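Student: Residue numbers (full-length UniProt numbering), protein chains in the order written: chain D, 1 to 286; chain S, 1 to 309; chain B, 1 to 381.
Note that these hints are calculated values from the structure, not bench results.
Everything numeric in this text was worked out from a predicted model, so none of it was measured.
Be careful, since some hints might not be right.
Some chain B residues close to chain D (C-beta under 10 Å, calculated; not the full set) [claimed, not checked]:
id : residue
1  : Lys47
2  : Phe54
3  : Gly63
4  : Gly64
5  : Asn65
6  : Asp74
7  : Asn76
8  : Asn83
9  : Arg101
10 : Ser102
11 : Tyr105
12 : Leu158
13 : Ala168
14 : Glu222
15 : Lys277
16 : Thr281
Virtual Cβ for every residue (Gly too), placed ideally from N, Cα, C.
Residues per chain are reported as follows:
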Amino acid sequence: MENQGQLVDSSKNKKIFKILEPIGRNLGLTLFAMFALFPLVWMVVCAFKSDAQMYNTVFIFHPTLENFRAVLVGTDYFRAFFQNLVVAGGAVIITVIAGVPCAYALARYNFKKKEDVAFQILSFKFAPEILVILPIFLIFQKIGLYDTYFGLIWVYQLITMPLLIWVVRGYFEDISIEVEQAAQLDGYTWYEVFFKTLVPLIKPGLVASALLAFIFAWNSFTFPLILSGFEIQTITITALRYIASDTVHYGQVAVASTIAVLPEVIVALFIQKHLVRGLSFGAVKG
Amino acid sequence: MFGSSTKKTGGGINYNEIPARIRRRPYYIIAPGLLILIGIMIPFITAIFLSFTNYSFRLPKWGFVGLKNWINMFTGKEFYHALGVTLRYGIFATAAEMLLGTGVALLLRKDTRYSRILKVLFTFPLMVAPAIAVLIWQLMTSNTVGILEKVLNIFGIYNFPWAASHSTALFTAILIDAWVNTPFVLLLVLAGIQSLPKSPFEAAAVDGAGAWFTFKTLTFPMLKPFMYIALLFRLMAALQEFGIIYALTKGGPGDTLMNISLTGYINGFTYQKLAAALPYLLILWFIINKTAQFLVKRQRHLAQQAAGK
Amino acid sequence: MAQIELENITKQFGDVKALDNVSLTVRDNEFFVLFGPAGAGKTTLLKTIAGAEFPEKGLVKIGGNIVNHVESKDRNVSMVFENYALYPNLSVYDNIASPMRSKLYKKDEDYIKTAVDKVTKMMKINHLLERKPSQLSNGQRQRVALGRCLVRTPNVFLMDEPLAHLDAKLRHFMRGELKEMQTSINSTTIYVTHDYMEAMSLADRIGVLNHGEIVQTGTAQEMYYTPCNEFVARLFGEPEINILEGKKYAREDSVYVKVLEQDVLLYPSEDTIQALKETDTDDIHIGMRGNDIKFAFEKPGDEWLEGTIYANEPIGNKVIMTVLIGDTKLAVTCPNDTVAELDQKVYVKFNMMNAIYFNGETQKFIIRNNMSRYMAEKREG
Chain D
1 MENQGQLVDS SKNKKIFKIL EPIGRNLGLT LFAMFALFPL VWMVVCAFKS DAQMYNTVFI
61 FHPTLENFRA VLVGTDYFRA FFQNLVVAGG AVIITVIAGV PCAYALARYN FKKKEDVAFQ
121 ILSFKFAPEI LVILPIFLIF QKIGLYDTYF GLIWVYQLIT MPLLIWVVRG YFEDISIEVE
181 QAAQLDGYTW YEVFFKTLVP LIKPGLVASA LLAFIFAWNS FTFPLILSGF EIQTITITAL
241 RYIASDTVHY GQVAVASTIA VLPEVIVALF IQKHLVRGLS FGAVKG
Chain S
1 MFGSSTKKTG GGINYNEIPA RIRRRPYYII APGLLILIGI MIPFITAIFL SFTNYSFRLP
61 KWGFVGLKNW INMFTGKEFY HALGVTLRYG IFATAAEMLL GTGVALLLRK DTRYSRILKV
121 LFTFPLMVAP AIAVLIWQLM TSNTVGILEK VLNIFGIYNF PWAASHSTAL FTAILIDAWV
181 NTPFVLLLVL AGIQSLPKSP FEAAAVDGAG AWFTFKTLTF PMLKPFMYIA LLFRLMAALQ
241 EFGIIYALTK GGPGDTLMNI SLTGYINGFT YQKLAAALPY LLILWFIINK TAQFLVKRQR
301 HLAQQAAGK
Chain B
1 MAQIELENIT KQFGDVKALD NVSLTVRDNE FFVLFGPAGA GKTTLLKTIA GAEFPEKGLV
61 KIGGNIVNHV ESKDRNVSMV FENYALYPNL SVYDNIASPM RSKLYKKDED YIKTAVDKVT
121 KMMKINHLLE RKPSQLSNGQ RQRVALGRCL VRTPNVFLMD EPLAHLDAKL RHFMRGELKE
181 MQTSINSTTI YVTHDYMEAM SLADRIGVLN HGEIVQTGTA QEMYYTPCNE FVARLFGEPE
241 INILEGKKYA REDSVYVKVL EQDVLLYPSE DTIQALKETD TDDIHIGMRG NDIKFAFEKP
301 GDEWLEGTIY ANEPIGNKVI MTVLIGDTKL AVTCPNDTVA ELDQKVYVKF NMMNAIYFNG
361 ETQKFIIRNN MSRYMAEKRE G
């Protein structure tokens, strides 16, 4: 009798669990979604509020484009956006041109200390940025690279190159070496094999990691803070000015942030499938 | 590599040596990348060199001072404070992100339409630059326009100080760090969950194992390698965090948030004592490198264990 | 079409010797089968000929020219890879057309279309031309790989287990096609397999490879009837050949061998006695194939040995009966209608006319009955 009672009890428990489990799960997810997404929503909301409404309204207000006009027309924010694009884009292009062959060599050839070289490349990513910047600042001032596109693009390799090499190396390793050998037997030279056979195969991974490298470069704060001045201003540095002034125009802060975040969110949507692999430098093949 | 064979046949060609044009190919291929990387290695060597000098942006002349900068650092109070802030920030931020990220990943485990949409949306904060994240949270936490102030008012809390107070600045910085980076942990653990094999769980279900037992003996050990990678990346980054703290308070209020990165920056640029700042950063590099090495070794061990080797 | 010669090829991967001083000549227009267990170095040997692997020692010659320094694309060889090595981003048609589109072997698109058509019809994959490799079964992928290999007229075809993933029926059919194609276009082919039936049915000659060394080369007949050692003897034939360990006792005009824990005497046939006497060891191993052992359930005579049935497995057209005598298990081939209970008593008798004798110490071939017959065949071949 007792046993039977327990059985009924436990099946009852199961039933309750079955009802409560999705409620609890979705409640937890919604709470985290509030934390993760609400700040972005609030940012967009604030971007459309006038200074006057900023203080006394929450969600109900008359939307205005005043802030957008103030940030984008006749200011250097637009210029910073463009310059950020040049620096981050330039850095990624150089990384792709030099890094893809490098990744290939690290995937395919066996040479002494290969793993050491690969790990050293990764360790750049973990080096404290300020440590790198102090001497570079000195060197750049000496050789005239301070506050130039070239200087920034060069330094950004520290961010973009390890990422691209490690991720793309993994994609190369996924291709069986026999495919390459087959192509050579089909009569293709080694560079034809590389460009016609291998590059199409790694293209999705390459595009994704290049875009992720672009985001990392776009987001870089420490490097442009110290290594650029008047000539080159990136968006992360310029945006900070909106909060530093005496009377903060929160609407303009919101617009500046929205514009800085927008390209990244769009890019993120494109590379969803490869994001985990990229973010973990190829360690997790999500 | 293949130099041992000396057999030569006809015309002095050694047929057991790979022709030079093929042998050199790997080096040509790797050359451009290596050149750039060597280029960015120069600063590290320069940094070590300069740490034994009295170089400063203010003085035109400089010379060797031996270990003076290093001794000054280890005998001063500033370094130990900075080390403390670095460790507190690094450990608390990483711990918060690991717990929250893993927890939410487990909630996302069940494949529903809601969870599929959320998986995509949750990647957004991860894309935001630390400096911009600070701006976004200024909008949230401002005592005049911030929505959080209005929420706290409901509970009778007014003028919560956030980054402005000694006691809540670290919390605020970590909150922003967690907002940006929790999705990173989440994505990695989620990738781990998706890679879990089905059969052990089916076997456990057949054996009537409870949910907690299954988690403890199956899910968690198999997720551990993924969590370790997340831990590695997050801890390495949090120990040297600069952007969030600089954008938030420039290390303040007072010296509350002056971690080693900030201290190095202030000493090097604001006070223009470049050589004196370098030992701080070299020590930080050392700590990070050693921790990384340790974690990488552990991770490999765990991955092998999880694979049942 | 060309003759392939390998001279003293050695190839090392780290500490592992994949090929150890291999010398081999594959004649022009020959269908040569490389046969051996997994890890014997068969694939490495093919890749060395293809130019995908570079030998540390030795020479590779194609058509009399040393090609060690010739890159694979210029060697004009065609290969089927064991893992297919298809281009995942290209359709079946484009995969097969690939060798005819390189600058080196350029053909016009009309020619390509006819060639692809012909080969895909033969492979029975002409309905799959638009598919990507990921949408094919393993057997289909393998046929695409074979097709890509066969559209060309190279110096030599290298085929690494090209039929391994086809179902039995198709494999049988493809074997026939390959053999026919080989005779009609006069191509040199080196074919790797681990299936002894395939080796025996296709090969002009077989080379047995083990631990990176060539153990024996010869015709299928030679492999089966005069294997150079016990290893080769075990490789060919189903069930595996029974090896009876015995002791030699020489008399003036005869020799007998005690086997099966010394309880049984076997008397070798006349023409083998001399060679056995001359062997410098008393340890003699006798190889006895399953179909050279007669069996009966009632004892027919005193010379029959008594054993019990240990296992009885039907495999298609025959039954393999495992007979336990003492501690020794013997595999006996029986007609497929044989019905027997496990542990039932059974009596067996060896057909000594087909016994193969091995040196018990070196496991090398000594002699078999009627050698002249197999030697004569060898001369003809």
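Student: Among all the numbered hints in the text so far, which are the ones the structure does not match?
Tutor: Hint check: 2, 3, 4, 5, 13, 14, 15, 16 fail, others pass.
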